[in-house]
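Number of protein chains: 2
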Amino acid sequence: MKIKQTHKCHGGDLQIWEHGSTALNCPMTFSIFLPEASKTENVPFITFLSGLTCTHDNFTTKAGAYKYASDLGIAIIAPDTSPRGDDVPDDEAFYFGKGAGFYINATQKPWSKHYRMESYIADELYHLLPKNFPLNKDNQSICGHSMGGHGALTLYFKYRGHYKSVSAFAPIVNPSDVPWGQKAFKGYLGNNINAWKQHDACELVHSAKSTNAEILIDQGLGDDFLGEQLRPEIFKRCCEAAGQKINLRVHEGYDHSYYFISTFIEDHLIHHANILSGNR
Amino acid sequence: MKIKQTHKCHGGDLQIWEHGSTALNCPMTFSIFLPEASKTENVPFITFLSGLTCTHDNFTTKAGAYKYASDLGIAIIAPDTSPRGDDVPDDEAFYFGKGAGFYINATQKPWSKHYRMESYIADELYHLLPKNFPLNKDNQSICGHSMGGHGALTLYFKYRGHYKSVSAFAPIVNPSDVPWGQKAFKGYLGNNINAWKQHDACELVHSAKSTNAEILIDQGLGDDFLGEQLRPEIFKRCCEAAGQKINLRVHEGYDHSYYFISTFIEDHLIHHANILSGNR
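Listed in order, the protein sequences are those of chains A and B. 240 is the number that numbering that gives the first Met the number 0 gives to position 241 of the first sequence; each next residue is one higher, with no gaps. 136 is the number that numbering that gives the first Met the number 0 gives to position 137 of the second sequence; each next residue is one higher, with no gaps.
Careful: at least some of the hints might be erroneous.
One copy or two, either will do: identical chains are not told apart, so a pair holds if it fits within one copy or between any two.
[Claimed, not checked] The calculated DSS-like cross-link candidates involving lysine-lysine, where the alpha carbons are at most 27 angstroms apart (straight line), are: (1) 38 - 61; (2) 61 - 3; (3) 163 - 244; (4) 61 - 1; (5) 208 - 185.
These aren't lab readings, by the way, just hints derived from the structure by calculation.
Sequences and hints are given; from them, build the entire structure.
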């Protein structure tokens, strides 16, 4: 692991790291914000999964999260959204290939060699981060935006006990049934729709436990992708049917951008901190 | 004037505008954040001048300022840092030519046709903005970073009554005496050092009035440019000699980046709001 940048920020440290990923077979970059509290104790942390076209950089520079993370004593990790490099296959669509790993493990060629973002997040980084930074492995949560909201919700349900809470901004909740998800799942997983369902939050929520923490979702009503790609009300109905508590908040006028995320990120960090703090 | 983007943000609106600048003879882009209060009244506003290599976009996306601007009911304008376009001459150095207008009016060819950032900020935008947006022309302040800190300080002293207060992050305070400023001033203004002094905050402060508001300056001690290009202690001594109140704060470990700005921008907006609010 190699540190590429470090910046003091809100009393803590924002660092950019590069490492060779065994899950993805390529070098990867992530950012980590370590609050001042991490100098004396292992702190709780949140993994933030970004959306289509993003790298680690979008959340890192645009979300305005670190003041709140600093106040709450929480670390935040922002990984990239796909494998990278000249050897990694790509596609012309912005919603498939590089920048669009969908947080699943591809089973189809030529994607299956590198496109293993599920293993990268929920296994490789899950173990690597607490080993290399002053993080409390047993006290972590997950959050994401758009495709990263899909990632956060599905990894939360798939990896029981990994993440104490989950929240999302404008998530893709039902990828099997919307164009972005269908293109990606067909490419990465093939035509078997039953395989798709294992990576669809609206399916996975049926395994929810009554002890699960409430899920917080924020959605802008001025979001261009709301009607065709996102449709969070479908997930809300699935949650209610499964006995999973959900707080879906909708916001007049807000769009899909980081201006929307920066407006509500404080609420998400407080949401997670309230659940994590009990375990510090 | 043409609106290019609009995003709801912290209850207000972040807008990106393009317009044909008469001062610069080229199309220019700026961002404006209008807090919710601007829907019912003309609000006070701050012009934020960015540093070398920046466009309007750096402050707009990275500073994390709009939550505080929203809370305080203040608008913020972020202009570009130089004229733009294929017709505009440029230089290989990142600290001269495009992205490096230095907020002065060039007198030397080929720069003098377009490089008139002083007139653009202190005359053209000064009149254009309150005419087109719900802003209180008589209630505005100016702030900047690095080269933009130089711009904010010098325009504050040169344009008496335009700006009620000034603050800066890691400003170039004595451009006549440091490499970045010398290269720019020689190119834009020629070899006459007396002409340079009319654009140097350490010279201009001697015309300060005892009624001037205190100047707030933040400087990171981990800033790579501190010793050679910035040296704020020189300006502090000039302020003290001139009877200009100054609060120069230095911060262990902080560098020259927007992570530094985002950490202290709240203090700057509160500093300006305290002075502006008396005139609302």
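Here is what the structure says about each hint:
Proximity of residue 38 and residue 61 under a CA criterion of 27 angstroms is satisfied in both settings, with 25 angstroms inside one chain copy and 26 angstroms between copies. With identical chains, the CA atoms of residue 61 and residue 3 are at most 27 angstroms apart both within one copy (19 angstroms) and between copies (19 angstroms). In this homomeric assembly, residue 163 and residue 244 come within 27 angstroms of each other (Cα to Cα) only inside a single copy, at 14 angstroms, whereas the closest approach across copies is 51 angstroms. Taking the shortest alpha-carbon separations for residue 61 and residue 1, both the intra-copy value of 24 angstroms and the inter-copy value of 25 angstroms come in at or below 27 angstroms.
Taking identical chains as interchangeable, the C-alpha atoms of residue 208 and residue 185 are never at most 27 angstroms apart, the minima being 30 angstroms within one chain and 70 angstroms between chains.
Violated hints amount to a single one, hint 5; each of the other numbered hints is respected by the structure.
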